[in-house]
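Chains as they are written, first to last, in this note's numbering: chain Y, 1 to 270; chain G, 1 to 262.
You may find that some hints are simply not true.
To be verified - Cβ-to-Cβ under 7 Å is the rule here; a few derived chain G residues that face chain Y:
1. 124
2. 127
3. 130
4. 133
5. 136
6. 205
I should point out that these hints are in silico values taken from the structure, not numbers from a laboratory.
Quick reminder that beta carbons are idealized off the backbone N, C-alpha and C, glycines included.
In case you want the letters, here they are:
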Amino acid sequence: MMSNQDDHNPPVVIELAGVEKSFGRQKVLRGVNLQVREGRTLVIVGASGQGKSVIIKHMLGLVRPDQGEVKVFGRDINRLNRKQKDEVRENFGVLFQNAALFDSLNVYDNVALPLRERTRLNEDEVREGVMAKLGLMGLQEAINKFPAQLSGGMRKRVGLARALMLQPKIVFFDEPTTGLDAHKSNELYRLFYRTQQQLGYTAVIVSHDVPKIFKLADEVALLAEGQIQGCMSPEDFQLSEQPTIRAFVEETMGHLYSSDREENGLYAQV
Amino acid sequence: MYLLLEKIGSGTLEFLETSGRMGMFLMRALTSMFQMPFKVNPVVRQVHFIGARSAFVILFTGLFTGMVLGLQGYYTLRKFGSEGFLGSAVALSLIRELGPVLTALMVIGRAGSAICAEVGIMRNSEQIDALECMAVDPFRFLIAPKLLAGIIAMPLLTAIFDVIGILGGYLVGTGLFGINPGAYFQGMYTSVVWADVEMGLVKSLVFGLLMVWIAACKGFYLHMERSGGFGAEGVSRTTTDAVVLSSVSVLVWDYLISALLL
Chain Y
1 MMSNQDDHNP PVVIELAGVE KSFGRQKVLR GVNLQVREGR TLVIVGASGQ
51 GKSVIIKHML GLVRPDQGEV KVFGRDINRL NRKQKDEVRE NFGVLFQNAA
101 LFDSLNVYDN VALPLRERTR LNEDEVREGV MAKLGLMGLQ EAINKFPAQL
151 SGGMRKRVGL ARALMLQPKI VFFDEPTTGL DAHKSNELYR LFYRTQQQLG
201 YTAVIVSHDV PKIFKLADEV ALLAEGQIQG CMSPEDFQLS EQPTIRAFVE
251 ETMGHLYSSD REENGLYAQV
Chain G
1 MYLLLEKIGS GTLEFLETSG RMGMFLMRAL TSMFQMPFKV NPVVRQVHFI
51 GARSAFVILF TGLFTGMVLG LQGYYTLRKF GSEGFLGSAV ALSLIRELGP
101 VLTALMVIGR AGSAICAEVG IMRNSEQIDA LECMAVDPFR FLIAPKLLAG
151 IIAMPLLTAI FDVIGILGGY LVGTGLFGIN PGAYFQGMYT SVVWADVEMG
201 LVKSLVFGLL MVWIAACKGF YLHMERSGGF GAEGVSRTTT DAVVLSSVSV
251 LVWDYLISAL LL
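My request is simple: use the sequences and hints to build the entire structure.
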């Protein structure tokens with residue numbers, strides 16, 4: 001999504017400052033500094049196992065940093081009590097890596113859950129809201145199915161419908177297209193684009209679907225060696241001279257720029 | 001020497017950590033039971049799962065326990081020429097001890113393991129994280145109905161176990177050994193007092209709480225297990241731990257409650 005000319009620097013909604021985190025003896029984050037701006041789409045890229053999802057978990061307040069602070073709407077989320085934390089989280093929608101649907105509930109009940117638990121709508125109003133969201137995702141046929149009966153792509157769409165149920169201000173996507181084929185991931189990207197146009201939410205996406213994901217990004221941040229190596233527009237990112245970013249770009253998109261001879265060599269090996 | 005000290009230290013730390021976590025879990029689960037709005041449906045569903053669906057197993061084990069008590073009791077009592085006390089012997093041992101304990105052990109095997117595995121898989125597949133991110137309290141939504149259902153279902157199952165067991169003893173006593181049916185029930189009627197029933201009730205309430213507490217807590221904090229709580233193996237190991245720990249706790253608490261109430 002492109003930001004308007006007149007608001008080049010919208011306010012910061014999430015800010016990570018000097019966040020460090022270890023799991024056991026393994027140090028995953030070594031001082032992460034990152035800002036998410038309102039209405040923008042931030043994409044965090046990096047090799048697998050670098051802790052990209054851990055960053056999202058910090059933003060959601062699910063994981064406590066060993067050092068540093070995580071501010072959401074200007075409040076340190078780890079200093080809030082449970083009630084205040086819930087108030088902050090009411091602005092969140094999350095699409096988890098495997099969609100994290102409740103497998104004891106069918107599609108309809110999964111999507112209805114946020115409405116039933118967090119609002120005082122009656123069942124008719126809940127049905128109206130749920131059917132509208134499911135319609136948007138093209139899932140009207142599947143309402144009585146259970147998560148186990150759904151394909152990976154459908155599960156993600158149900159997860160997205162559930163995440164968007166309460167008109168969140170910030171939506172987090174943890175590897176939204178992992179395990180989907182090219183067609184299915186394009187479909188999900190289209191849904192993402194369309195819903196963001198409609199609802200105008202801020203998005204934080206963790207992905208390694210490079211370069212496709214760049215089309216959606218306003219800003220791209222690279223996580224490597226436990227730190228954010230740079231955060232910039234996708235165009236700048238691809239042309240960056242910063243060695244780590246350049247190495248990442250060459251590694252993941254190298255074949256786009258490599259000469260024919262190299263390409264032939266590559267295929268000859270395969 | 002150094003290694004030994006290290007092991008003792010880390011073992012102690014782990015023990016303290018786990019106990020603290022379990023204590024906090026119980027407090028939060030208990031307080032969330034009383035949070036408004038109270039929803040009846042999830043509790044009914046859990047009572048159905050823990051209670052109704054265990055009923056057949058309980059009927060079966062209750063019947064055979066009563067029958068074997070009748071058999072063994074008869075041989076022992078005959079040595080003292082007091083076969084007439086068979087009714088009271090069967091009833092007292094069932095109501096005070098065997099009913100609550102065996103019911104708890106059976107339900108732990110059937111429902112406790114299932115609760116632990118279910119909650120553990122929910123933790124593993126980020127479903128609990130999803131609840132928290134939706135600002136839905138997982139304790140109120142997930143744990144409280146199970147805890148309440150455990151406390152409701154366990155005494156009911158114990159009551160079924162007791163009744164069926166007494167009937168089993170009756171069948172063996174009168175059918176096999178020709179004991180007077182009237183004497184069987186009369187003996188029971190005169191020797192069983194309210195305090196015995198009360199003891200059985202207290203035990204089954206405590207066991208119901210213990211089972212759900214340990215099973216749900218183990219599953220809920222699966223990711224914090226030191227031995228590694230990831231994946232299918234983590235779930236299976238934690239479920240085994242939960243079943244063993246809750247079975248042992250049932251026996252320990254059985255002794256403590258008996259000692260306190262006697």
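Proposed interface contact between residue 205(G) and chain Y, which counts if any beta carbon pair is under 7 Å
At about 27 Å, which exceeds the 7 Å cut-off, the nearest Cβ of chain Y leaves the hint on residue 205(G) violated.
Residue hint residue 136(G), partner chain Y, criterion CB-CB below 7 Å
holds, 5 Å
For the restraint on residue 133(G), tell me whether the closest CB of chain Y is nearer than 7 Å.
Since chain Y brings a Cβ to about 5 Å from residue 133(G), closer than 7 Å, the hint holds.
Against chain Y, with CB atoms and a cut of 7 Å, does the hint on residue 124(G) hold up?
Since the shortest Cβ distance to chain Y is 10 Å, the answer is violated.
For the hint on residue 130(G), just tell me whether its beta-carbon gets within less than 7 Å of chain Y.
Given a least distance of 4 Å, the restraint on residue 130(G) holds.
Let me know if the C-beta of residue 127(G) comes in closer than 7 Å to any C-beta of chain Y, holds or violated.
Because about 5 Å separates residue 127(G) from the closest Cβ in chain Y, which is inside the 7 Å limit, the hint holds.
Figure legend: structure checked against the earlier numbered hints; hints not met, in rising order: 1 and 6.
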